[in-house]
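Asker: Sequences are here, hints too, so could you generate the full structure?
The primary structure of each chain is shown beneath.
Number of protein chains: 2
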Amino acid sequence: MFNNYAALKICIRFKYTAMVLILLVLSGVLSEGPKAAAEDSFSPYVDSEGKITRPTEFREKWTYLGSWVHPEDKKGGFHNVYTQPGVAEAYNKNGGKFPDGAVLVKEVMSEGAMDMTTGKGVLHAKDLVLWFVMVKDEKGRFPDNPKWGDGWGWALYYADAPSKDVSTNYKKDCLGCHIPAKQTDWIYVEGYPVLK
Amino acid sequence: MFNNYAALKICIRFKYTAMVLILLVLSGVLSEGPKAAAEDSFSPYVDSEGKITRPTEFREKWTYLGSWVHPEDKKGGFHNVYTQPGVAEAYNKNGGKFPDGAVLVKEVMSEGAMDMTTGKGVLHAKDLVLWFVMVKDEKGRFPDNPKWGDGWGWALYYADAPSKDVSTNYKKDCLGCHIPAKQTDWIYVEGYPVLK
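If you read the protein sequences in the order shown, they are chains A and B. The working numbering numbers the first residue of the first sequence as 1 and each following residue consecutively. The working numbering numbers the first residue of the second sequence as 1 and each following residue consecutively.
Keep in mind that a hint or two might mislead.
Since copy identity is lost for identical chains, a pair holds within one copy or between any two.
What the hints assert, rightly or not - Quick list of in silico lysine to any residue cross-link-like pairs, SDA-like style, CA-CA up to 25 Å:
hint	residue 1	residue 2
1	Lys106	Val194
2	Lys75	Gly50
3	Lys120	Asp185
4	Lys61	Leu195
5	Lys164	Gly149
6	Lys171	Asp115
7	Lys120	Thr168
8	Lys93	Asp173
9	Lys139	Arg59
10	Lys97	Arg59
11	Lys75	Pro85
12	Lys196	Ser167
13	Lys106	Leu175
14	Lys120	Asp173
15	Lys61	Tyr45
16	Lys120	Asn94
17	Lys182	Asp115
Since the hints were made in silico from the structure, they are not lab data.
Answerer: Structure representation (structure tokens):
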């Protein structure tokens, strides 16, 4: 019923099956590696000193929150705001609270205007001008960094140097425009229908 | 060097390893089931007769293409356009061609206006009005369905009955407004900066 030869054959068969399956499983595990690593730290966009890196994949892969459109400002009046996948859902589940690590990107663009069958001078986004980035920080992680405070990290990048955060102090550079939205954690949520 | 007992031990070890790994791999394969099934058909939003179902997850999970904003039309002048993840990338890779099965959703909303530090009467999207949906069809799949033609399926849903496509004939209900965009496959791509 069971001899050396039969045992060897069965064993070799399962051995190669096992090896192939081990490789398949490992390839799956390894492909999840970077994601798992990023989740271990506060944010993939923030280093240990609080330096904020501008996200680049938000147009294709993030949730669009809404736009603020300034009819009189053709040079930089089209403001589109995005956040990571899952943030809107977390905000709605959690009674209107942005989760720790949530990133908002406001992409400021110039405006084009077209006469269309639906109206004259219909506005659309045209050329890049700058990006504002905010990172939600529930824990006050960077008390000595003047770009962090009031529950957020604050950054500003111009289109001609898209990797360089040119803000120096959020109180001076950023907070002024957000004061009217203080009651909603400094964010103008009225323009974001996906937030309930 | 190799006897019955050793062979049996090794074999049993690999046999159970193989079984566990087979189960792991199968669980992964099975969890992909619904996705794989959807990919087998033309589109999860189109039935065998060409009836188009309105996507509902586009706000959170799809790519935002851009907005058309009508400053004079507060009741329904804010038009936000979305497409599935991956469509913009495919369009750009493929020389400006929408892939077969690509869905565009235009969400038409009323407008709110706020005086802000950045300008007066700044417009934002407010309440739902209606949705236009288009589905790219390279193969002319529904020649006898008057809601399909010129390379697309066309549908229209009002906010008070969001599951009911009220269009009857795309040539009568839809095409008129798209004629100026005929050269770009009937789509106003000028307003979609993510498309190159």
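Asker: All hints, please: hold or fail.
Answerer: Now the hints, each set against the structure:
Taking identical chains as interchangeable, the C-alpha atoms of Lys106 and Val194 lie at most 25 Å apart whether they share a chain (16 Å) or sit on different chains (15 Å). In the homo-oligomer, the alpha carbons of Lys75 and Gly50 never lie at most 25 Å apart, since the shortest distance is 31 Å inside one protomer and 43 Å across protomers. In this assembly of identical chains, Lys120 and Asp185 lie within 25 Å of each other by CA distance solely across copies; the values are 22 Å between and 37 Å within a copy. For the identical chains of this complex, Lys61 and Leu195 are neighbours both inside a copy (18 Å) and across copies (14 Å), given an alpha-carbon limit of 25 Å.
For the identical chains of this complex, Lys164 and Gly149 are intra-copy neighbours only, at 20 Å inside a copy versus 48 Å across copies, given an alpha-carbon limit of 25 Å. With identical chains, the CA atoms of Lys171 and Asp115 are at most 25 Å apart between copies only, with a shortest distance of 22 Å across copies and 41 Å within one. Taking the shortest alpha-carbon separations for Lys120 and Thr168, neither the intra-copy value of 41 Å nor the inter-copy value of 28 Å comes in at or below 25 Å. Taking the closest pair of Cα atoms, Lys93 and Asp173 never come within 25 Å of each other, the shortest separation being 32 Å inside a single copy and 39 Å across copies.
Taking CA atoms no more than 25 Å apart as the test, Lys139 paired with Arg59 passes in neither setting, with 28 Å inside one copy and 29 Å between copies. Within a single copy, Lys97 and Arg59 get their C-alpha atoms as close as 23 Å, and across copies as close as 19 Å, so both meet the 25 Å cut-off. Taking CA atoms no more than 25 Å apart as the test, Lys75 paired with Pro85 passes in neither setting, with 30 Å inside one copy and 30 Å between copies. Taking the shortest Cα distances, Lys196 and Ser167 never come within 25 Å of each other, neither inside one copy (31 Å) nor across copies (30 Å).
Taking the shortest Cα distances, Lys106 and Leu175 sit within 25 Å of each other inside one copy (15 Å), while across copies they are farther apart (34 Å). Within a single copy, Lys120 and Asp173 get their C-alpha atoms only as close as 36 Å, which misses the 25 Å cut-off; across copies the closest is 21 Å, which meets it. Proximity of Lys61 and Tyr45 under a CA criterion of 25 Å is satisfied in both settings, with 15 Å inside one chain copy and 21 Å between copies. Taking the shortest Cα distances, Lys120 and Asn94 never come within 25 Å of each other, neither inside one copy (41 Å) nor across copies (32 Å).
Taking the closest pair of Cα atoms, Lys182 and Asp115 come within 25 Å of each other only across two copies (16 Å); inside a single copy the shortest separation is 38 Å, beyond that limit.
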